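Here's the letter readout for the chains.
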Amino acid sequence: MTQPMTITEKILAAHAGRERVVPGELIQVRVDMALANDITAPLAIRVFREIGAKKVFDRERVALVADHFVPNKDIASAEQTRLMHDFALEQVIRHFYDPGNGGVEHVILPEKGLVVPGDVVIGADSHTCTYGALGAFSAGVGSTDLGAILATGTTWLKVPAGIRVVFEGGLQPWVGGKDLILHTLGEIGVEGANYKTLEFTGPTMERLPMEDRFTMANMAVEGGAKNGIMASDEVTRAYVEGRGLRDPVFLESDPGADYDRVLTVDASRVELQVAFPHSPDNVRPVSAAGRVPLDQVFIGSCTNGRLTDLRMAADLLKGRSVAPGLRVIVLPGSRDIALRAVREGITEIFLEAGAVVGPPSCGPCLGGHLGILASGERALSTSNRNFIGRMGHPESEVYLAGPAVAAASAVLGRIASPEEL
Amino acid sequence: MIIEGTVWRFGDHVDTDLIIPARYLNVSDGAELAAHCFADLRPDFPSRVRVGDILVAGKNFGCGSSREHAPLAIREAGIRAVIAGSYARIFYRNAFNIGLPLLEAPEAVQALSEGDRVTVDLSTGEITLKGGETTFRAGAIPPFMQSLIEAGGLVPYLRKSRTS
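The listed protein sequences derive, respectively, from chains E and G.
Counting from 1, position 137 in the first sequence corresponds to residue 137 in the numbering used here; the numbering is continuous, with no gaps.
Counting from 1, position 135 in the second sequence corresponds to residue 556 in the numbering used here; the numbering is continuous, with no gaps.
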C-alpha cells in the first residue's frame, strides 16, 4: 500500500513530476498561475529584465492585477501601474486587470476561473494563500522569485509539514469563516504555523460556503503558514463549475496522512471574534470587547470583500443609520460583486445608511489609499492585519472582525455585536 | 565572508509594514525605500545607520506582507546582516534573493544590545561580541544560500552561472 499523503503533498508531487514528496524536501515545481500586483510587479519586471528574459513562460498563465493603490492615488503609483500595463501589452498577457474589469486580486482570480482545484499558484503577495480554499496549493513570494517564475514557469519550494485543524459542530448565528480563522490564530499564535501548511477540515467545513473558505485560507499567512488548504468537495465543485480556464483536479488528504500537529476546535462554541491591536492573534469574543468607540469601519478587502460579506452587512444596516461622527467605507472586492450589489439593492442600503461605497480596491487595508487613519483614531476592519500603523498613523488602532460585527459597529459607533441592534 | 558592525536592536514580530510602511511603496527605488526604513518605529534609523551595521531582532522577524521592498530597504540603508531568533518564511526567501544574509541565533539575540560591536562570520555562523570576546553560533547558512550572498543575490547569481 502506498504511503498516505496530505492534499498539499499530492499537489506538489504532481507538479514536481514525482510519485510522492515528504516534508522538508526541496523540490522544483511547475507553476500553473503566476500573480503580481501594482506594488510587487514593477520589482518583478525589473528582475525579469535583469536576468535577460525576453518572453514570459506562458502569457495565459500570468495574472497582473492593479489593486493596491488604484484608482492611482498619486503620480508615483500611476507610474507603477503604467509600467505593469506596458509590460502586459508588450508580453500580450491576457489576464491584466484594473478596477474597471477586475478588482482585488485574490477575489477575482477564483471568480474568473484563473485558479482551479489542484493548481500550484505562486503570487508576489502574501495573501496568495487564499486559493487553498479551492483545494489548490498557493503561496506568496517576493518579487525576485516572481520575476524568475515569469521567465521560467518554475520555482523551488521546501515541502511544508502540516498542521491539521478539525472543526466540529454547527455555527452560532452570524459566525462565519472570519471568526473561525481568528479563533484559530488565537490558538496557534502569529508564528504557530511558520513554514507549515494550515489544513482546515472537519464536519463544520463541509457546510461552509466557498466565500467563508476563502476568508479562512486568506489569513493562513497570519499564522506564518506557507499555505492554507482544504479538501475539494461538493461546494468546491459547484463553485468552479462553468468557471475554470483549466480542468480542475479535485483532491483531499488521505486518511492516516502525517501532521506535525492536530488541533480540534468545537466550532459551536466559537463566538463572533475581534482581533485587538496590534496583532491578528490578539483575539477576544465580541462579548468581551468592552466599550471601544470607533472613528472608521471598513468593509472589504481580499479577506471579506465578497458578495456574501456585503449581503450580511447590508442585512444589518437595512433601515438603520451609521452612527454620527463615524466613517463607514465599503469597497466591493470586484467589479462583478459591485455590479451584483447594485442589482440586489445592497449598494442602496449602504448609501442610505450613510456609508461611502467606493471602487474595488485594497483601499485602506494597507494604509495607502481611500481611508487612512489619523493619529489616535480607531478603526474596525474586515481585512486581515492590524499591525502598528497598518491603516495609517502609527498611533492609530485597527481591530479586525467579520462583516456582521463591522455592520453592528457601524450602527452603534463602537465595537458591537449584531445582537445589540 | 566576515562582517563587522554596530548592533541595531529590535523586538519580536517586527512586521514588514513596520520595516517599510505601505504608503512608501509607490516607488521601488532602493535608495528612496531606504530613506523610509523603519519610518514609524525608529524614524532616526536611516540617518544614523552606517554601512556594515548589523540588525538584531527577536522572533518572527519580517512577518506579514510579502513586500520585497522590506529587505531591500534594510540592505540599501546599509545593514549587512540580520541576526534574529526566527524569521517569517517569505521574508527569509526574499532577503537571500536580494543578497541580505540572515542568521538564526536566539542566544546571540538574548545577549546582544543596541550599540554593541560584533563580528559575524557568514561561512561558519560565528557571532563574536567585541571586547568581551563572547562567541555565539548561529545555524549555518546552507552552501547554496552562501553563494547567493557572495554573488549579491539571485539575479547576479543567475547571471554569473549563465556566463561561467
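Some hints here could point you the wrong way.
[Said to hold, decoys possible] 25 Å max Cα-Cα, derived PhoX-like pairs, lysine-lysine:
no.: 1; chain 1: G; residue 1: K480; chain 2: G; residue 2: K581
no.: 2; chain 1: G; residue 1: K480; chain 2: E; residue 2: K158
no.: 3; chain 1: E; residue 1: K54; chain 2: G; residue 2: K551
no.: 4; chain 1: E; residue 1: K55; chain 2: G; residue 2: K581
[As the list claims (entries may be wrong)] Computed, partial: chain G to chain E, Cβ under 10 Å:
no.: 5; residue: M422
no.: 6; residue: I519
no.: 7; residue: L533
No wet-lab data here; the hints were simulated from the structure.
Here the structure is a predicted model, which means the values were calculated and not measured.
Where is the CB? At the ideal position from N, CA and C, for every residue including glycine.
Going through the hints against the structure:
| no. | hint | in the structure |
| --- | --- | --- |
| 1 | G/K480 <-> G/K581 | violated (34 Å) |
| 2 | G/K480 <-> E/K158 | holds (21 Å) |
| 3 | E/K54 <-> G/K551 | violated (49 Å) |
| 4 | E/K55 <-> G/K581 | holds (20 Å) |
| 5 | M422 | violated (20 Å) |
| 6 | I519 | holds (6 Å) |
| 7 | L533 | violated (21 Å) |
Of the hints listed earlier, those the structure fails to meet are numbers 1, 3, 5, 7, in rising order.
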